[in-house]
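Novice: Read off the chains here:
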Amino acid sequence: MSSIASPERIWWNPLSRVEKFWVVLAIIVGLAMFSSMFIWMAIGKQNIPTETYQVTKDQFSHASQRMVQQYRVRDDAGVPVVSPPAGSDVYLVARAWQWSPILQLKEGETYRLHLSSMDFQHGFSLQPGNLNLMVLPDYDYVATITPDKAGEYTVICNEYCGLGHQAMVGKIIVTE
Amino acid sequence: MAKVSTNVQPMDSTDFRTCPVTGLKVHLPAQRLIIANAVTAVVALLIGGIFAILIAFTRVPAVKLLPPETFYRLLTAHGTDMLVFWIVFFEVAGLYFGGAVLLNARLVKPGLGWLAWVLMLAGAILTNIIMLAGKADVMFTAYPPLQAHPLFYFGVILFAVGALLAIGLFMATVIVAKSERRFTGSVPLVTYGLIVAAIIGIFTLLAGAVAFVPTFLWSVGLLPRMDPGIYRIVFWAFGHPAQQVNLAAMVAVWYALATLTVGAKPVNEKVSRFAFLLYVLFINLGSMHHLLVDPALGTATRMFNTSYFMYLAVVGSLIHAYSIPAAVEVAQRKKGITGLFGWLTRAPWGEPGFAALVISMVIFGFIGGTTGVIQGNDQINLIAHNTLRIPGHFHATVVGGTTLAFMGLTYYLLPLMTQKQLVGRGWARVQPYIFGSGIAILALGMLWSGIQGVPRRTADISASGLAGVDTTLVLVGVGGTIAFAGLVIYILIAVSTLLFGKRQKC
Ligand code: HEM
Ligand SMILES: [Cu+2]
Ligand SMILES: [Cu+2]
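These protein sequence lines map, in sequence, to chains A and B. Here the first sequence stands for residues 1 to 176, numbered as in my numbering. Here the second sequence stands for residues 1 to 506, numbered as in my numbering.
You may find that some hints are simply not true.
In silico lysine-lysine, PhoX-like type, Cα no more than 25 Å apart, as pairs [said to hold, decoys possible]: (1) A:K20 / B:K270; (2) B:K265 / A:K20; (3) B:K334 / A:K20.
By construction, these hints were calculated from the structure, which means they are not laboratory data. Please read all numbers here as calculations on a predicted model, not as lab measurements.
Kindly produce the complete structure, drawing on both the sequences and the hints.
Specialist: Quick look at the structure:
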């Protein structure tokens with residue numbers, strides 16, 4: 001009997017003590033990892049958002065434009081900087097190869113961040129801090145966020161979106 | 001009057017040769033197909049390897065070898081040539097070996113085997129031409145609305161049809177072998193593992209059709225729109241099980257290597273086969289760990305899916321992680337080796353297959369498996385998705401694990417199939433160490449960079465303002481160089497054996 005030859009006629013043998021121990025241990029490890037998923041969700045401070053809507057590109061870009069018109073405070077290299085009120089809906093538009101506008105948020109306040117794309121799939125990646133969400137066209141993905149540390153954050157794109165992908169860098173500013 | 005057929009056919013001796021060393025009856029048409037598929041696999045590995053070293057040095061900030069456009073083009077080709085063409089061609093060779101040679105059986109309809117090979121080869125050549133011509137800079141995932149030239153999707157479909165045909169041929173071969181009583185009782189464990197891989201493979205390829213056929217129709221204008229979210233779900237219903245084919249095939253190869261190098265026998269066939277069965281039942285779940293931070297997926301769905309239904313497939317892997325070393329230990333002790341760890345210290349570390357087995361298991365288990373389970377956790381995925389942590393994880397699984405195991409098997413399969421002595425045995429002894437250490441460094445460099453936020457699939461991170469990652473990215477270049485050296489040694493051994501190996505019996 002070997003791995004590469006047919007086994008003996010009857011191979012349905014009982015497990016030895018060591019084998020039983022190992023199989024039970026493996027199952028316990030599996031169940032522990034499974035329950036830890038729920039435990040983390042309960043005690044973790046950062047969970048994956050699940051709020052999603054269907055949206056057309058026009059609807060989403062209009063929503064974003066409205067926000068820009070109302071709350072624009074200045075421009076930064078041609079990209080509008082907006083400072084929407086705490087608790088409001090804020091819209092970040094991804095398109096090849098730009099994030100816009102630049103959001104200026106307040107530390108400790110909560111916002112509903114809407115993400116959608118005007119063309120390809122993009123990856124919202126907030127640095128430093130390392131927070132990553134997929135941004136798809138026709139999907140409005142809503143993350144409820146509370147910035148907890150003031151500073152300037154970079155939004156890089158971490159889903160390949162064409163030949164200019166590496167240049168797709170935006171900004172989120174968190175003020176005290 | 002109908003005649004009663006006995007179903008038992010005589011061994012058609014002209015088509016067979018008997019190997020005096022192993023006693024295996026080798027079906028010559030199967031042997032030719034095995035060599036053809038393995039050689040094609042090695043060619044794909046060489047092409048993918050050349051692209052690998054170029055993209056690796058592009059990711060080192062101090063070097064930035066390629067301009068972005070070339071980087072994306074070659075990255076697409078690297079992913080496709082390696083993950084699809086190298087791995088699947090080799091697996092087809094492995095299937096024919098496990099289905100015909102190990103069962104002392106004939107490969108039914110070798111003509112169809114050649115048709116499968118031609119389809120796969122045509123698909124591989126076509127996609128490569130399109131990719132290198134710059135008509136498919138979309139990565140192997142080809143997420144719509146990014147669109148490639150229709151012939152890219154068509155090439156992938158051709159390849160998949162060929163692969164499906166090959167799997168069908170393998171299944172038919174096993175069934176016919178059984179009815180012709182070429183073996184008695186159950187199939188060998190290695191063949192059993194390959195049957196598991198084949199079953200998952202059928203599911204994989206059908207899901208692949210659902211992903212790529214509509215995309216092809218869309219690329220020629222027959223479908224108005226592809227839903228990007230649904231495409232991702234369907235794509236990973238294909239892309240994820242494809243990795244489980246590799247897993248099952250790799251574990252089957254592990255068992256084979258343990259037998260070939262130290263004469264290990266499965267300690268308990270029931271335990272090992274049960275572990276494989278867990279793969280069939282649960283491993284096709286898990287596909288959503290690619291989609292954890294996608295819009296539109298509910299929490300409960302994600303939890304049950306990404307946990308492979310309570311990690312039962314992981315339990316399967318943990319069982320193999322016990323039963324293979326146990327089999328090695330038992331075999332070693334039977335030779336009279338004593339002491340708590342004598343079976344390890346006096347193991348044949350200079351035997352290429354044994355070194356490949358152990359290093360593959362260690363890299364797969366300790367780097368690949370752990371990072372996989374960790375990154376598949378909801379909260380962690382939020383900080384890991386699409387960073388270099390992801391390629392760090394899968395270079396430990398499918399390269400340090402599967403690819404290295406396949407390399408180890410080659411050192412036995414090739415002499416057996418070509419009846420030639422291995423050329424450069426000394427190099428084969430060190431090759432697993434070189435390739436393995438290179439991949440380990442590469443994977444750790446990727447993981448470490450990804451933890452600091454470095455994105456994957458990005459030609460240049462200078463605009464991203466990430467600081468302090470230059471050193472960890474150097475590891476990608478260092479590990480990549482060492483791994484590339486190991487890869488080249490492997491290919492040189494394989495090609496020289498094929499071309500210049502001394503004839504030997506068997
Ligand atoms: C010498 C060996 C290898 C080296 C140095 C290497 C290096 C790399 C590098 C630097 C990347 C780019 C990561 C990124 O920027 O996102 C990459 C991606 C990748 N590699 Fe490898 N690799 C090697 C072997 C392999 C093998 C053998 C396989 C498959 C069996 C493989 C499969 C992949 C895949 C699937 C990707 C992802 C492509 C994508 O993001 O679309 N690699 N590799
Ligand atoms: Cu982008
Ligand atoms: Cu991008």
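Novice: Could you work out which earlier hints the structure fails to respect and list their numbers in ascending sequence?
Specialist: none
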